[in-house]
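Trainee: Sequence:
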Amino acid sequence: MNESNFGENQVDYSKMSFIKRVIGVICFPGKVMQSLEQKPRVLFGILLTALVPLVMILSTLPMYMEYTRGVLESTYAKMNIEITEQQLEQTLSISQYSSIIGGPIGAVIMLLIYALVIWSIIKIFKGEGKFKQVLSVIGYATVISALSTIVTIITTRLTGVFSDVSFTSIASLIPEMKGSFIYGMSKMIEVFTIWQYAVIAIGITTVSKLSKKKVYIIVACIFALLAVYSGITEVTAMS
Numbered sequence: 001m002n003e004s005n006f007g008e009n010q011v012d013y014s015k016m017s018f019i020k021r022v023i024g025v026i027c028f029p030g031k032v033m034q035s036l037e038q039k040p041r042v043l044f045g046i047l048l049t050a051l052v053p054l055v056m057i058l059s060t061l062p063m064y065m066e067y068t069r070g071v072l073e074s075t076y077a078k079m080n081i082e083i084t085e086q087q088l089e090q091t092l093s094i095s096q097y098s099s100i101i102g103g104p105i106g107a108v109i110m111l112l113i114y115a116l117v118i119w120s121i122i123k124i125f126k127g128e129g130k131f132k133q134v135l136s137v138i139g140y141a142t143v144i145s146a147l148s149t150i151v152t153i154i155t156t157r158l159t160g161v162f163s164d165v166s167f168t169s170i171a172s173l174i175p176e177m178k179g180s181f182i183y184g185m186s187k188m189i190e191v192f193t194i195w196q197y198a199v200i201a202i203g204i205t206t207v208s209k210l211s212k213k214k215v216y217i218i219v220a221c222i223f224a225l226l227a228v229y230s231g232i233t234e235v236t237a238m239s
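Heads up, the sequence shown is in full-length UniProt numbering, so the first residue is 1 and it goes up one at a time.
Quick caveat, the hints were computed from the structure, so don't treat them as lab data. One should not assume that every hint holds.
Unchecked claim - Here are the computed lysine-lysine pairs in the BS3-like style, where the Cα-Cα straight-line distance is at most 25 Å:
1. K15 <-> K31
2. K212 <-> K123
3. K15 <-> K178
4. K178 <-> K31
5. K126 <-> K213
6. K214 <-> K130
7. K214 <-> K126
8. K126 <-> K15
9. K78 <-> K214
10. K178 <-> K130
11. K123 <-> K31
12. K209 <-> K178
13. K31 <-> K214
14. K78 <-> K213
15. K123 <-> K20
16. K130 <-> K213
17. K132 <-> K213
18. K212 <-> K130
19. K132 <-> K209
20. K78 <-> K132
21. K20 <-> K130
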């Protein structure tokens, strides 16, 4: 790509190295997003998205399975279903393998759906950008999610207890509200999640050429909708 293809004030970041792109998501996301705009790269994001849940489960497997056991016992109790210990162990065994296989696949599917939704919204607002650029942006933003996973793995192994609530979320401060709509929503109000959405907003602004204000409102609305969904899910799970 020749420099003549760029505006007078635009720098060619298309040849930014892989390591710089990964580190840059944390240190200088704006430049990384310009690089992805100029030369979209989707493979890393897809692979990382698949690896994050897989590494999480495998690194905390004993604690994760104990957590799953508790969830299953609670669910069966609410449904007044009596099962033997052998049946429970069989269910746990199936759950273990389905999580290891289904977790990565489900995460990649959600990545593709999320990218498609964002790309569709961009087009509705007459923005620029190809689907591949949007997918690259969201995929690389998963670096933040990977950091969160590392922190979660460390805390889980130190405490010996797996939890679906991050200690960096508001929900960790209000355990007495577990099962409520507010508690469910507060799971989304988490340091790494907000950071990740901020990086996504920077990237979408870069590739769509929409105004910062418009993009940040769009991303904030998506975040709010997911928080509401999390709240509804929490209430439903406890009912």
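Trainee: With reference to the structure, classify each hint as holding or not holding.
Mentor: Hint check:
1. Proposed proximity of K15 and K31 is supported: the alpha carbons are some 12 Å apart, at most 25 Å.
2. Proximity of K212 to K123 is assessed by CA-CA distance (about 16 Å); at most 25 Å being required, the pair is judged to hold.
3. Pair hint K15 plus K178 does not hold up; C-alpha atoms about 48 Å apart against a cutoff of 25 Å.
4. For the hint pairing K178 with K31, the CA-to-CA distance comes to about 40 Å; that exceeds 25 Å, so the pair is violated.
5. With a CA separation close to 15 Å, the supplied pair K126 and K213 stays within the 25 Å bound.
6. For a cut-off of 25 Å, the pair hint linking K214 to K130 stands: about 18 Å separates their Cα positions.
7. For the given pair, K214 sits about 12 Å from K126 by alpha-carbon distance, which is consistent with the 25 Å threshold.
8. With a C-alpha separation of about 29 Å, the suggested pair K126 and K15 falls outside the 25 Å cut-off, and the hint is violated.
9. Pair hint K78 plus K214 does not hold up; C-alpha atoms about 45 Å apart against a cutoff of 25 Å.
10. Between K178 and K130, the direct Cα distance comes to roughly 41 Å. Violation of the 25 Å bound is thereby established for this hinted pair.
11. Distance check on the hinted pair: K123 and K31 sit about 24 Å apart at the alpha-carbon level, within 25 Å; holds.
12. As the CA atoms of K209 and K178 are separated by approximately 41 Å, the hinted pair breaks the 25 Å bound.
13. Distance hint between K31 and K214 is fulfilled; the C-alpha atoms sit about 20 Å from each other, no more than 25 Å.
14. Restraint check for K78 and K213: the C-alpha separation of about 46 Å exceeds 25 Å, so the hint is violated.
15. Only pairs whose Cα atoms come within 25 Å are accepted, and K123 paired with K20 is rejected, the gap being roughly 30 Å.
16. Taking the CA atoms of K130 and K213, the gap is about 21 Å. The hint holds against a cut of 25 Å.
17. A C-alpha spacing of about 23 Å is found between K132 and K213, which places the hinted pair at or below 25 Å, so the restraint holds.
18. Simply put, K212 and K130 have alpha-carbon atoms about 18 Å apart, close enough for the 25 Å limit, and the pair holds.
19. With a C-alpha separation of about 15 Å, the suggested pair K132 and K209 falls inside the 25 Å cut-off, and the hint holds.
20. Taking the CA atoms of K78 and K132, the gap is near 45 Å; set against the 25 Å cutoff, the hint is violated.
21. A C-alpha spacing of about 23 Å is found between K20 and K130, which places the hinted pair at or below 25 Å, so the restraint holds.
Going down the numbered hints, you'll see the structure goes against 3, 4, 8, 9, 10, 12, 14, 15 and 20, while the others check out.
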